[in-house]
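The listed protein sequences correspond, in order, to chains A and B. Going by full-length UniProt numbering, 208 is the number at position 208 of the first sequence; the sequence numbering is gapless. Going by full-length UniProt numbering, 196 is the number at position 196 of the second sequence; the sequence numbering is gapless.
Treat the hints as calculated values from the structure; they're not laboratory data. Watch out, some of these pointers could steer you wrong.
[What the hints assert, rightly or not] When the alpha-carbon atoms are kept at most 16 Å apart in a straight line, the in silico EDC-like pairs for lysine to aspartate or glutamate are as follows: (1) K248/B with D336/B; (2) K130/A with D232/B; (3) K164/B with E141/B; (4) K130/A with D158/B; (5) K248/B with D158/B; (6) K130/A with D358/B; (7) K158/A with E119/A; (8) K56/B with E67/B; (9) K158/A with D239/A.
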Amino acid sequence: MSGAGTERLARLLALVPYLQARPGALISEVAEDHGVTERQLRDDLQLLFVCGLPGYGPGDLIDMSLDDDTVTLTYHAELDRPLRLTADEALALIVALRALAETPGVDGAAVGRALAKVEGAAGEAGRSAKQVAVTGGYEDTGVAAQVRGALERGRALKIVYYTAGRDATSERVIDPMRLLVVDGRAYVEAWCRRAEAVRMFRIDRIDALEELPEPSVPARGMSPESGFRHGAVFAPAPDSPLITLRVGLGSRWITEYYPCDDVRAEPGGTWLVTLRASDLEWARRLAMGLGEDAEVVSPPELAELVRSEARAALAAY
Amino acid sequence: MSRRRTERLVNLLLCLLSTRRYLTAAQIAAIVPGYEHDENDPKSHEAFQRMFERDKGELRDLGVPLETGTNSVFDSEPGYRVTRGDYALPEVHLDPEEAAAVGIAARLWHHAELSNAASSGLTKLRAGGVDLADGPPLGIEPVVSADPALTPMLAAIDVRRAVKFGYRTPRDDQPRQRRLQPWGVVSWRGRWYVIGHDLDRNATRCFRLSRVVGTVSAVGPLGAYAPPEGLDLVAQVAAFDPEPTDQKSARVRVRVGAAAGLRRWADAVRPEEEETPELLEADVTGAGAVTLLDDPGAPEAVVPPAAEPDPDADECGEPAPDAKAAWDIVTLSYSDPEALAARLAGYGSAVVVQDPPDVRDAVIRHLTRMAAGIPAPRPGEASTLETRAVGGSR
């Protein structure tokens with residue numbers, strides 16, 4: 001579907017049955033449900049007034065009583081049902097419901113019933129959804145459901161959390177704000193009392209948790225938007241160090257795994273990969289963990305860190 | 001689209017919905033406002049015909065099931081109608097929980113086309129009387145993203161048409177043209193894959209959609225093939241997952257308080273000094289990333305990430321315990337000694353490998369190179385890394 005005109009036509013065809021099902025509907029709500037301004041909605045309704053059944057006499061045209069706040073349809077001209085779902089609409093809804101059913105922490109029963117009903121209503125239009133499978137692939141340890149429970153009850157959580165960036169486990173008390181699931185992986189956004197800031201915690205890195213009897217006091221004026229920007233959970237700060245590694249084939253996977261600023265092929269089959277590291281210690285672990293397949297190009301401090309740590313490690317053999 | 005045309009299209013649809021008989025273009029022109037013209041004037045008649053063709057196309061694009069047919073064998077000209085049963089969305093009754101699920105599902109796409117389709121589908125369900133506002137909040141905000149290649153791939157699957165696309169793997173910088181009869185797509189661990197019959201390799205292949213470069217173009221005739229009977233898409237993707245089969249065990253000394261990631265991944269952790277070791281079962285859910293391949297016979301190095309940026313990148317860690325105080329003995333399962341050695345080298349002086357000797361030697365080799373600042377071996381060079389890449393595949 002494309003073009004504002006086509007969109008408007010589709011909206012008009014849905015508006016009539018929508019109003020038929022809701023006598024006395026508030027103009028503001030109708031507009032919101034259709035994603036248009038009240039002014040646009042009124043224009044749509046004016047247009048419908050001149051449409052109707054052949055004959056086009058006063059009794060054949062779509063009719064409604066319209067006042068300042070509400071609208072009631074009085075004649076629908078046989079247009080009392082919406083158009084059936086297109087293949088694209090059926091696919092988008094069915095696959096999304098399947099993804100929802102696979103989402104950690106979601107009670108799948110209601111989702112499953114909704115899925116069956118939408119599939120039934122879609123009929124043949126839902127055919128292409130059969131060729132799409134959605135599977136989480138991550139182990140659901142039940143932690144997401146426990147976090148969700150704490151959110152519902154408004155309780156703080158004591159967690160043992162593994163921070164990959166520092167390769168360390170720590171215990172902390174958090175005030176959960178919301179549960180996010182991005183591409184099947186769950187995160188809790190929370191106020192961290194120790195860091196005194198809003199943080200994102202990956203559910204699969206919570207090694208233990210305990211719901212505290214005390215209430216969660218999350219907001220403290222913070223909006224729950226801090227960690228999730230532009231559809232990405234991890235966004236490196238612009239002032240984090242820029243590092244460049246020369247990598248061989250065996251380490252090329254880092255270019256798909258981490259957001260990279262630059263990936264450049266070199267003659268001889270190696271690549272220069274530039275990315276932002278959270279800090280040099282993290283970068284050292286990354287570079288050394290790639291083994292001999294990677295070499296630090298810059299900054300020089302990182303190259304020196306790798307050399308000295310490698311020497312210290314060799315001393316034990 | 002002009003206001004007049006929108007008005008005409010609504011009237012055309014209502015007219016076609018209200019008729020049981022097929023109406024010819026001439027009959028429609030005589031009934032529906034906006035089609036008035038002089039039939040005897042060829043120019044005027046031609047203009048009407050063009051307008052009518054465009055309008056029919058518009059309704060069909062919207063998904064209106066426009067039927068063509070004749071009322072009797074004596075009719076020479078075809079007519080048009082829309083059957084109510086084919087037009088109307090069947091009744092859908094959702095309880096508040098189900099409605100909430102649909103409402104959330106419609107918002108979870110992070111993909112422009114699917115997001116638009118989901119919201120127009122939602123508009124229809126609302127128009128059908130479903131109330132989405134009253135459901136209880138789910139307490140979870142899910143997001144599903146998808147690669148641009150997803151929708152053209154699905155369109156091709158739907159009409160069983162082959163596709164052609166450029167594909168770039170991390171092993172190869174140059175995108176290569178692939179020709180595929182796609183059977184289905186799978187989202188697995190948040191990544192999208194297409195499965196089908198690779199026409200050039202004459203074999204079943206799995207491609208990661210994020211590696212598709214440029215446009216996916218449909219080639220060849222419609223209905224050119226049939227996917228295998230009883231195809232299990234998820235099982236197909238799983239078959240391409242290089243699950244390590246031959247699990248070996250390594251023993252490493254790990255400094256107390258260090259290498260938390262290794263400890264989470266370990267089978268067992270016990271203090272070195274302990275006489276009768278009490279085995280501590282460690283959490284193994286933190287095992288490394290698995291890389292899916294398009295060619296099962298040519299594995300990439302499946303290296304678990306040594307370090308990973310964390311959304312929670314705060315610096316308020318515990319103070320490091322006395323560095324040289326104590327060590328633990330950690331037992332690790334692995335399949336590829338080289339991959340394990342690289343990972344262990346990442347922990348630097350916090351880890352000392354005891355067994356087996358091949359892992360120990362490989363770690364020493366990695367560290368020696370790094371300590372001397374020797375550049376990474378080039379692919380041409382004889383290196384164990386090369387041997388691994390080739391050796392694993394044959």
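| Enumerated hints in conflict with the structure, sorted upward | Hint check: 3, 5, 6, 7 and 9 fail, others pass.
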